[in-house]
Amino acid sequence: MCLALPAEVVSIDRANDTAIVTLGPVKKEISIALLDDLAPGDFVLVHVGFALHKLSPEEAERTLALIRQSGEDPLEEFAA
Amino acid sequence: MTLMSRFSSRLDVTSGTIDMTHGSGGRATAQLVSEVFARHFDNPILAAGNDGAAFDVPAGRLVMSTDGHVISPLFFPGGNIGCLAVHGTINDVAMLGARPLHLAAGFIIEEGFPLADLDKIAASMAAAAQEAGVPIVTGDTKVVEKGKGDGVFITTSGVGIVPPGIDISGANAQPGDKIILSGSIGDHGIAILSKRANLEFDTEIKSDTAALHELVAHMIAQVPQIHCLRDPTRGGLGTTLNELAQQSRVGMRLREAAIAIKNDVRAACELLGLDPLYIANEGKLIAICPAEHADRLLAAMRAHPLGREAEIIGDVVADSNAFVQMETHFGGNRIIDWLSGEQLPRIC
Amino acid sequence: MKYVDEYRDGGLARKLAATISREANTGRTYNIMEFCGGHTHAIFRYGVQDLMPENVRFVHGPGCPVCVLPIGRIDNAIELAEKHGAIVCSYGDMMRVPASERRSLIKAKAEGADIRMVYSIRDALKIARETPDREVVFFAIGFETTTPPTAVAIKEARAARLKNFSIFCNHVLTPAAVAHILSSPEVKDHRTVAIDGFLGPSHVSSVIGSRPYEAAARDFQRPVVIAGFEPLDVMQATLMVIRQLNEGRYEVENEYFRVVTRDGNRKAQALVAEVLELRETFEWRGLGEVPLSALRIRDAYAEFDAEERFSIATRKVKDAKSCECPSILRGAKRPTDCKLFGRTCTPENPIGSCMVSSEGACAAYWTYGRFRFGTEGRALDRAKEAVQ
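Chains as they are written, first to last, in my numbering: chain F, 1 to 80; chain E, 1001 to 1348; chain G, 2001 to 2388.
Derived from the structure by calculation, the hints contain no laboratory data. You may find that some hints are simply not true.
[Stated by the list, open to error] One side only, chain G facing chain E, incomplete, derived with CB under 8 Å: (1) Arg2008; (2) Gly2010; (3) Ala2013; (4) Cys2064; (5) Pro2065; (6) Val2066; (7) Thr2146.
[To be verified] Calculated cross-link-like contacts (lysine-lysine; reagent style DSS-like; alpha-carbon spacing at most 30 Å): (8) E:Lys1142 to E:Lys1195; (9) E:Lys1146 to G:Lys2109; (10) E:Lys1148 to G:Lys2083; (11) F:Lys27 to G:Lys2267; (12) G:Lys2107 to G:Lys2318; (13) E:Lys1146 to G:Lys2126; (14) G:Lys2318 to G:Lys2083; (15) G:Lys2002 to F:Lys27; (16) G:Lys2109 to E:Lys1195; (17) G:Lys2002 to E:Lys1206; (18) E:Lys1146 to G:Lys2083; (19) E:Lys1206 to F:Lys27; (20) E:Lys1195 to G:Lys2107; (21) E:Lys1148 to G:Lys2126; (22) G:Lys2109 to E:Lys1148; (23) G:Lys2107 to E:Lys1146; (24) E:Lys1148 to E:Lys1120; (25) E:Lys1120 to E:Lys1142; (26) G:Lys2107 to E:Lys1148; (27) G:Lys2318 to G:Lys2333; (28) G:Lys2107 to E:Lys1142; (29) G:Lys2316 to G:Lys2083; (30) G:Lys2155 to F:Lys27; (31) G:Lys2155 to E:Lys1195.
Ideal placement from N, C-alpha and C gives every residue a C-beta, glycine not left out.
Model the full structure from these sequences, guided by the hints.
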């Protein structure tokens, strides 16, 4: 699977189908030719200089909640 | 100024370029040396005008080191090939516990190289040498045909004296010793990558290139019992620790949580698929000392500007396989292996 | 880094590990093939295997486009630079892979071939625009994640009327490989290679969606859980596979739903379909000819197809005689079963692709498998199983 990372869209250049994204403090110009309806503040998955897909913050939160839930020990509440 | 008057006209340092005559050993070479190198490096030994340098040395064991610098790009955030060369050799000498005395600098310059760049590099070297108190006392200049050099290659050699009673070597690490790292890793390598063609990104990261000899002198004064010192340059922390483990025939156990990495560096490494453990540093050092002295050494390092972020990152253990292992943030264990060849950015 | 660090939390990892230990049925083993190289990387880098119980094992799959590219195709890439004088642009991953006569892109470059490493195909387009008098060929590799960028680049090249740009296309398809492995005799009939379930690739799936795996899950009756590539994702997805196996289910589930949807990226899929089409068959190193498993450039865009432009003939080149990469890629043998492993074949001197790629089984095993501590010697055994 290919190395791809979530980055935040900072600005969009519609004429050239590119955007500036930040990954933490690092900025990079990438192509957004594979996506529609992007806005600054969106998070996208970046692979080899292209945005492949939007990342949903709600679903990200739900994933973490699911992982936390998986980590719960059903017997814990019965421990003395 | 008598040196300058030998030549009919000054070198055009703003827009001139190096040509083959500058390497021929004749008048053109003399002018180049005089108006670029000697002008900046300016010190009594160099001004004597001989092919070599003669000087007295204090008592003690003599240490010598040499380094070739072929870095590309020549200019990068935080420095250039010139100051890098000066710092690099000062550090190599210092890693043996020695006080650096003097430097020699050899230049192999490509035909067509801009004099303005050469001048900048020489000025930078002079400033670095001056700040460090380690003058460049002799050197050499050659010119190669266009296409046979990458702008300029610089070789620096240095000599120093080890104070009596100090025995610092990569072979001295003992099980039970503590491993201390002077600061964040990966800064230099990422600063370089940020400039190379085909791999560009905006980042604030500057190279950490610095002369470490004063930090070392301070450390040795506080803890003369230091066993090993080494600066994790090419190949990074991972490679250097493996070298030490191999040389001393010991193992190492590190804690990832104790290894400082700046956020920019971390993010850039993620983007490129690189491991910060293997990225070059030019202003950091590793110290290995007996456990009973570790806290005192750490305090000494933190008291110095170049050691403010020093941390104890692990322990030396007995291990006939000389493995370097690390407890990850995640709680698992991984081996920090030797790097084979340069790390290349990856897509998968 | 947002949406990255949260999924690397060690505290959560230990809790998840405890749950996995509780739910993994001690009466059986769970052999989970993690198809993609990125998952293998996460497992080793974070030491995820250390947190698994003995009976949960990861089986390394051929999801490394570097490992499965046949030698003959790398020879072609070198040929494009050496014989045809093209500027060949390649991702870093391919540079050191050994081809025929122990040559590689990086060795050819050292001998004067104009081979340049790039991070993105956009860099290759830039080079083509800047050097209109030179032919520029992009060495395209990768699964479905990396294919849409190639399609975009071809369209951009057409729009810009570039006359000196072409692609040497080696894009391969994931579901075809998965089905091929599951139909192989070792797995299907002889069961010498046990694969109980799959961790589906993260980013391939962001492009193709989760739907394409449904046929494989149903026909071969194995659970597939699409997993994100951070270590907590891998663990959560592993738990989901274990639960499916315990409950006798074989469905496609999606752990990486913050990015992956059932449909995937329709726009990307359409772009790919417009520019590329299926090859009848394509050779995969280690798997032989796999039908309908790779893509070529459509005739309508033939001017951007390096194979048309330069009349490339691909020779079938056998791997070095004792190199066991083919079997290792299928999960049929372990690195230690290969006579060359650790002797003539090491990361410094790789003979096969499994050693050269940082996610290849042999490279991973070399790094992880020489790991021995006193009382924790079991870590070595687990490491052996992990790359089985």
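Verification of the hints:
Hint on G:Arg2008 holds. Least Cβ distance to chain E is approximately 6 Å, under the 8 Å limit. For G:Gly2010, the interface hint holds, the least distance from its beta-carbon to any beta-carbon of chain E being 4 Å, beneath 8 Å. A cut of 8 Å between beta carbons decides the hint on G:Ala2013: the least distance to chain E is about 6 Å, and the hint holds. A least Cβ separation of about 6 Å between G:Cys2064 and chain E falls short of the 8 Å threshold, and the interface hint therefore holds.
Given hint, G:Pro2065 at the interface with chain E, holds; its Cβ is 6 Å from that chain's nearest Cβ, closer than 8 Å. Proximity of G:Val2066 to chain E holds as hinted, the smallest CB-CB distance being about 7 Å (cut-off 8 Å). A hinted interface residue such as G:Thr2146 counts as satisfied when its beta carbon comes closer than 8 Å to some beta carbon of chain E; here the least separation is about 6 Å, so the hint holds. Between E:Lys1142 and E:Lys1195 the CA atoms are separated by roughly 27 Å; this keeps the pair inside 30 Å, and the hint holds.
A threshold of 30 Å between alpha carbons decides the hint, and for E:Lys1146 with G:Lys2109 the separation of about 19 Å falls inside it, so the pair holds. In summary, the hint linking E:Lys1148 to G:Lys2083 is supported, as the alpha carbons are separated by about 24 Å, within the 30 Å threshold. For the suggested pair F:Lys27 and G:Lys2267, the alpha carbons sit about 25 Å apart, so the restraint of at most 30 Å is met. Restraint check for G:Lys2107 and G:Lys2318: the C-alpha separation of about 20 Å stays at or below 30 Å, so the hint holds.
Proximity of E:Lys1146 to G:Lys2126 is assessed by CA-CA distance (about 26 Å); at most 30 Å being required, the pair is judged to hold. Among the hinted pairs, G:Lys2318 with G:Lys2083 is consistent with the structure: their alpha-carbon atoms are about 22 Å apart, no more than 30 Å. Of the pairs offered as hints, the one joining G:Lys2002 and F:Lys27 holds, with about 14 Å between alpha carbons and a cut-off of 30 Å not exceeded. Only pairs whose Cα atoms come within 30 Å are accepted, and G:Lys2109 paired with E:Lys1195 is accepted, the gap being roughly 21 Å.
This hinted pair checks out: G:Lys2002 and E:Lys1206 have alpha carbons roughly 24 Å apart, not beyond 30 Å. Distance restraint check for E:Lys1146 and G:Lys2083: the Cα-Cα separation of roughly 25 Å lies within the 30 Å cut-off, and the hinted pair is therefore satisfied. A hinted pair counts as satisfied when its Cα atoms are at most 30 Å apart, and E:Lys1206 with F:Lys27 qualifies at roughly 15 Å. Between E:Lys1195 and G:Lys2107 the alpha-carbon distance is near 24 Å, which keeps this suggested pair within the 30 Å criterion.
Note on E:Lys1148 and G:Lys2126: the hinted pairing holds, with a Cα-Cα distance of about 26 Å set against a maximum of 30 Å. Straight-line distance between C-alpha atoms of G:Lys2109 and E:Lys1148 comes to about 16 Å, which keeps the hinted pair within the 30 Å bound. Distance hint between G:Lys2107 and E:Lys1146 is fulfilled; the C-alpha atoms sit about 23 Å from each other, no more than 30 Å. The hinted pair formed by E:Lys1148 and E:Lys1120 meets the criterion: a straight-line CA distance of about 22 Å does not exceed 30 Å.
A hinted pair counts as satisfied when its Cα atoms are at most 30 Å apart, and E:Lys1120 with E:Lys1142 qualifies at roughly 18 Å. Straight-line distance between C-alpha atoms of G:Lys2107 and E:Lys1148 comes to about 19 Å, which keeps the hinted pair within the 30 Å bound. A threshold of 30 Å between alpha carbons decides the hint, and for G:Lys2318 with G:Lys2333 the separation of about 18 Å falls inside it, so the pair holds. A distance of roughly 29 Å separates the Cα atoms of G:Lys2107 and E:Lys1142; the hinted pair therefore holds under the 30 Å criterion.
Taking the CA atoms of G:Lys2316 and G:Lys2083, the gap is about 19 Å. The hint holds against a cut of 30 Å. A distance of roughly 26 Å separates the Cα atoms of G:Lys2155 and F:Lys27; the hinted pair therefore holds under the 30 Å criterion. Taking the CA atoms of G:Lys2155 and E:Lys1195, the gap is near 29 Å; set against the 30 Å cutoff, the hint holds.
Consistency note: the structure conflicts with none of the earlier hints.
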